[in-house]
Amino acid sequence: MKGKIATRDAYGEAIIELGRELKELVVLDADLSQSTKTAGFARLFPERFFNIGIAEANLMGTAAGLAAAGKIPFVSTFAVFATGRAYDQVRNSIAYPELNVKICATHAGITVGEDGASHQALEDIALMRALPGLTVLVPADAPETKQVVRAAAFHNGPVYVRLGRSEVPVINNGDYEFKLGEIRTLRPGTDVTIFACGLMVSIALVAADSLQAQGIEAQVVNAATIKPLDPEQISLAAATGAVVTCEEHSVIGGLGSAVAEILAECQPTPLERVGVKDVFGQSGPASKLLDLYQLTARDVAAAATRAVARKQP
Amino acid sequence: MVLDPELKKQLEEKARLIRQHIIRMINAAQSGHPGGSLSAVEILTALYFQIMRLDPAKPRWAERDRFVLSKGHAAPALYAALAERGFFPADKLLTLRQLGSPLQGHPDMKKVPGIEMSTGSLGQGLSCACGMALAGKLDEASWRVYALLGDGECQEGQIWEAAMAAAHYELDNLIVYLDYNRLQIDGPISTVLNPEPFPDKWRAFGWQVQTVDGHSLTEIVAATEKAQASTAKPNIIICHTVKGKGVSFMENEAGWHGKAPSDEQAVQALAELA
Ligand SMILES: Cc1ncc(C[n+]2csc(CCOP(=O)(O)OP(=O)(O)O)c2C)c(N)n1
Ligand SMILES: [Mg+2]
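Protein chains in written order, with my numbering: chain A, 4 to 316; chain B, 161 to 434.
Honestly, the hints are just simulated from the structure, not real lab data. C-beta atoms are modelled at their ideal positions from N, C-alpha and C, and glycine is treated no differently. Don't take every hint at face value.
Stated by the list, open to error - Some residues of chain A that are not near chain B, with every Cβ distance over 10 Å (derived):
| # | residue |
| --- | --- |
| 1 | Asn61 |
| 2 | Met63 |
| 3 | Val173 |
To be verified - For lysine to aspartate or glutamate, the following DMTMM-like pairs were computed, each having C-alpha atoms within a straight-line distance of at most 20 Å:
| # | chain 1 | residue 1 | chain 2 | residue 2 |
| --- | --- | --- | --- | --- |
| 4 | B | Lys270 | A | Glu101 |
| 5 | A | Lys26 | B | Glu244 |
| 6 | A | Lys26 | B | Asp299 |
| 7 | B | Lys270 | A | Glu50 |
| 8 | B | Lys393 | A | Glu50 |
| 9 | B | Lys218 | B | Glu244 |
| 10 | B | Lys168 | B | Glu244 |
Using the sequences and the hints, build the whole thing.
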């Protein structure tokens, strides 16, 4: 392992780098710039930073207007508020007119920790994935976040980027290159395919090690692009004949659902979903919450074993 | 400025034509919103034929003024104004709300030249207009942003979020018109959920406020010129209007908010607008 960095920190650095390159890039926040890490950009480029205050609906609408006038707005707040509080604004003012807004939401998932259920977005992927034309990206670590944010900036159209609060292991090298729409096999394997996104990618890699000790060769796939998800790539990766999906999100509507939808139609395959099981979270330290909501390497390995057992002979 | 009598006559003629289009379109579609379209006709006429800097041949011209119809259900009035201004042929108007038509029930910026923002979900357009105005400020551009709000629409909290932000960012390149027809779907705004007093509220939010007769082209243009000259504050022009204006049986009737006239009613309405 090469240390641990929160994806929100990598995001804060990425927008500064991009801000130097792209004059049209502007950043908006809703009184959370310290937490979302847009504060660094605000200090360096005060004229291109807009604090809209605690007003998330107006935050999204203002970004839409800036995009309509040729700017590339990066909008940050917590994922709960970006996707839930302002859903209709994201839908009608950003996604429907296909405006070039980049919603980079931090504090997604259960690892928000102590703030508790009101602040733990467990359904944001489901909400964003349902909007036509909205690209949904979930980077796994800091190097990938930098690449994802860059790809979002150069992609013409609305993008949702899901970022976390907690530090997560660095699994990619600095020279890693993200390609929008591509899923990536990080570890080959022939017995079972584990699709993961976000911090669950590093956890899936740990699970694959323990599975190997049991004689199960697990393929680990990083699905950083959740939408658009290419049915061909998913079917190809699922050729092991057993599939596990893992995400720090509800089992309803996220990566697990997206993979299940494709496989059910193209290539029915035994599938086990690791995720939060249709409940709200609660306060606690991030690592304890991952245990409690069964998002650990042990849970992933157990799901893989179940999936393998369900394989057609 | 007082409008030159000849110009005033031309503008009044445009307003009359736009009202006729509105009736024909909604009658042909057998759906749509006549009341709030008719109340906004003079505001749109003043904007599209006198106030805004536009080139219908170049709808994406970088230096153009922008207009956001925050009360998107008045789309028929906007479509009619755009067609009369030459953005697209007027014979397209009768395709309103039909399958495959660019003239969607609510404005779609991807489908119609001259539409600057897709609207329809009330309360959102002002935020978008603020975003455009911010972009204009960043670019030190000379173009302005205009927006039209409904009075019932001001019950949406997002309007006041945007109002606060516009004043905070000193958006003096933003001029908003309030279609103060005092009606919404379920009746008078004062009985549904009273959003008044408007002038005090907008002033308290840091705006420069003017009040005009929203059917007087002269007053609308004069107030706009005053607003254009102001600095450091966003401007709102509260336009006293009559919902359904110009068609006797529709005037001041909440029931005509979103109802299409029958063929017979359309004939009568067009006779009144002849
Ligand atoms: C968010 C939202 N809620 C409800 C509606 C349905 N709706 C359409 S028009 C309207 C009344 C609008 O009243 P007002 O703003 O006064 O418009 P006008 O009188 O000028 O037609 C409502 C409630 C909507 N379009 N958007
Ligand atoms: Mg009204």
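Each hint, compared with the structure:
At the 10 Å boundary, the C-beta of Asn61/A falls inside the reach of chain B, the nearest C-beta of that chain being 4 Å off. Met63/A, annotated as away from the interface, has a beta carbon of chain B within 10 Å; the closest lies near 7 Å. Separation of Val173/A from chain B is adequate, the least Cβ-Cβ distance of about 36 Å exceeding the 10 Å criterion. Restraint check for Lys270/B and Glu101/A: satisfied, since their Cα atoms lie roughly 8 Å apart, inside the 20 Å limit.
Note on Lys26/A and Glu244/B: the hinted pairing is violated, with a Cα-Cα distance of about 38 Å set against a maximum of 20 Å. Between the alpha carbons of Lys26/A and Asp299/B the distance comes to roughly 11 Å, so the proposed pair stays at or under 20 Å and holds. With a CA separation close to 30 Å, the supplied pair Lys270/B and Glu50/A exceeds the 20 Å bound. Restraint check: the Cα-Cα separation between Lys393/B and Glu50/A comes to about 19 Å, which is no more than 20 Å; the hinted pair holds.
At most 20 Å may separate the alpha-carbon atoms for a hinted pair to count; Lys218/B and Glu244/B meet this at roughly 16 Å. Restraint check for Lys168/B and Glu244/B: satisfied, since their Cα atoms lie roughly 16 Å apart, inside the 20 Å limit.
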